[in-house]
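Q: Residue numbers (our numbering), protein chains in the order written: chain D, 1 to 392; chain S, 1001 to 1080.
Keep in mind the hints are simulated off the structure, nothing from the lab.
Take the hints with a grain of salt, since some may be wrong.
[What the hints assert, rightly or not] Here are the simulated SDA-like cross-link-like pairs (lysine to any residue), alpha carbons at most 20 Å apart as the crow flies:
id, chain 1, residue 1, chain 2, residue 2
1, S, Lys1018, D, Ala321
2, S, Lys1019, D, Ala261
3, S, Lys1043, D, Ala270
4, S, Lys1043, D, Ala274
[Claimed, not checked] DEER-style ranges, computed between Cβ atoms:
id, chain 1, residue 1, chain 2, residue 2, range
5, D, Ala117, S, Gly1023, 54 to 62 Å
6, S, Glu1036, D, Ala327, 54 to 62 Å
7, D, Ser273, S, Glu1029, 18 to 26 Å
8, S, Glu1008, D, Ala277, 18 to 26 Å
9, S, Glu1036, D, Arg184, 42 to 50 Å
10, S, Glu1036, D, Gln156, 30 to 38 Å
11, S, Gly1023, D, Arg114, 29 to 37 Å
12, S, Gly1023, D, Leu359, 41 to 49 Å
Even for Gly, the Cβ is constructed at its ideal location relative to N, Cα and C.
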Amino acid sequence: MEPIRISALVHLLKDILEASEVLSDLWVLGEVSNASRSRLGHRYFTLKDDDGLLRSVLFRDDMPGSMVTDGERILAHGRVTVYPQRGELQFVCDFFRPEGVGLQAARFEQLHARLEAEGLFELSRKRALPAYPRRIGLVTSPTGAALQDVRNVLAQRWPLTELVLSPALVQGEQAAASVVDALRTLAEDPALDLAIVARGGGGSEDLSAFNDEAVVRTIFGFPIPVVTGIGHETDTSLADLAADVRAPTPSAAAQRATPDATEVAAQIRALDSAMAARARAGIAARTAQLQAAGARVRHAAPSPRRGAERVAALSARVQIALETRLAAERAAVERTDAQLAALDPANTLARGYAIVERLGKRRRVVRRVKDVKGGNRVAVAVGDGAFWAEVS
Amino acid sequence: MAEPSFEELVAQLEERAKKLEAGNIPLEESIGIYEEGAALVDKLRGLLDSAELRVQRLQGRIQDERTPNDGPSPPPDAGN
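Can you build the whole structure from these sequences, using the hints too?
A: What follows is the structure, given as structure tokens:
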């Protein structure tokens, strides 16, 4: 057998290692030693435990600004390769966290960093939601409270839509694949103009399905805008970050996805009134014009008379239209009275909310934390009155 | 031809309102525009008043599983 050249051999070993799926995407746990940073910004270190060690590198562009510290035990993600010039086994790390973080959290952070670098969470990629959605897809459990919540909000707020439920498991091991499946089924519906991915709050804080890479990518690549309403108290899931709009609960997602029919009706009423006012003003102006013309032109010119007849006819048309309007208006006002009562701030205050107003020269209602400074005097209105307080 | 969508009807209404707002059109024409606008308003009101949410369920690949933390199951859909 011919002798094999060293460089060919080390490259062969490198190719063998790099062809391994396991070795190209793995987490290792070890203690850092011999940590140093090269002039180019690469960080070299050794990872070891009781019985073995592995030369490691964290290249400049991965986790720039982070440094490994001698003696620290870390969870590191990366791949195993051969450094041919030295014939050394090398671990090319691309992400690490202290051991105490735990593998699940470290995995989450690594995926977060990777998808973020890829642009999946970019605000500039978020799409606007349709103004008046006609057909809304919903991915959630067919037996969960989320479905009922979304239904209720839509029925109340914007019933001019069709809700298409694409059932999915939202918890457990098969949840991620099931959510991807349900989304893909929805994507085949060409009439759909919005999708909601929802999960009820409940006891479980298991969000793993919504932190799954395939789920996140499917949401990101979805052909129409996606709103998430994944009920959980603390963390934001990666699915939330990739969605066009994220809401804290299924109900809130349904709310973000739709206009309020009561408000839309009010806008239509306003347009209607503006048009009616214009039409009336037009008639009045023309009548005045004709009267002036009639006064000026004494002899029997037929045109002002014809003009007056035309205006009278138009005026009658408008009159009829206005009366119809007026009747519809009255009915609409009666309908909205009850809805307006629900919007009355006094009712909100009675439920335990408060309105805080900053006192002093520039008196104003406090909407956000930065509206007040320590020492500011404020008036707090509650259900049965008001009191003063000082911000500390 | 498909029925115009709510969005299209609103756009048509807004266009009529804008035309009237701009003025400088003959009176007769403006009354015509107003009548068109009023018809659109009636149509939109009708849609808003009569709408009822429709729910459709696609066939998923999942069994009728129960997720204990996910609350009570909804009533079955009428007409689906």
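Q: The structure should be examined with respect to each hint, and the outcome stated for every one.
A: Results of checking the hints against the structure:
1. For the given pair, S:Lys1018 sits about 19 Å from D:Ala321 by alpha-carbon distance, which is consistent with the 20 Å threshold.
2. For the hint linking S:Lys1019 to D:Ala261, the alpha-carbon distance of about 25 Å lies beyond 20 Å, and the restraint is violated.
3. A threshold of 20 Å between alpha carbons decides the hint, and for S:Lys1043 with D:Ala270 the separation of about 15 Å falls inside it, so the pair holds.
4. For a cut-off of 20 Å, the pair hint linking S:Lys1043 to D:Ala274 stands: about 18 Å separates their Cα positions.
5. Look at D:Ala117 against S:Gly1023: about 56 Å separates their beta carbons, and that is inside 54 to 62 Å.
6. S:Glu1036 and D:Ala327 have their C-beta atoms about 19 Å apart, which leaves the hinted 54 to 62 Å range violated.
7. Between D:Ser273 and S:Glu1029 the C-beta distance comes to about 20 Å, which sits within the given range of 18 to 26 Å.
8. A beta carbon spacing of about 25 Å between S:Glu1008 and D:Ala277 agrees with the range 18 to 26 Å that was offered as a hint.
9. Checked against the hint of 42 to 50 Å, the C-beta distance between S:Glu1036 and D:Arg184 comes to roughly 44 Å, which is consistent with it.
10. Taken as a hint, the range 30 to 38 Å holds for the pair S:Glu1036 and D:Gln156, whose Cβ atoms sit roughly 31 Å apart.
11. In this structure the supplied range 29 to 37 Å is violated for S:Gly1023 paired with D:Arg114, their Cβ-Cβ distance being about 59 Å.
12. Between S:Gly1023 and D:Leu359 the beta carbons are some 46 Å apart, a value that agrees with the proposed interval 41 to 49 Å.
Checked against the numbered hints listed earlier, the structure breaks hints 2, 6, 11; every other hint is satisfied.
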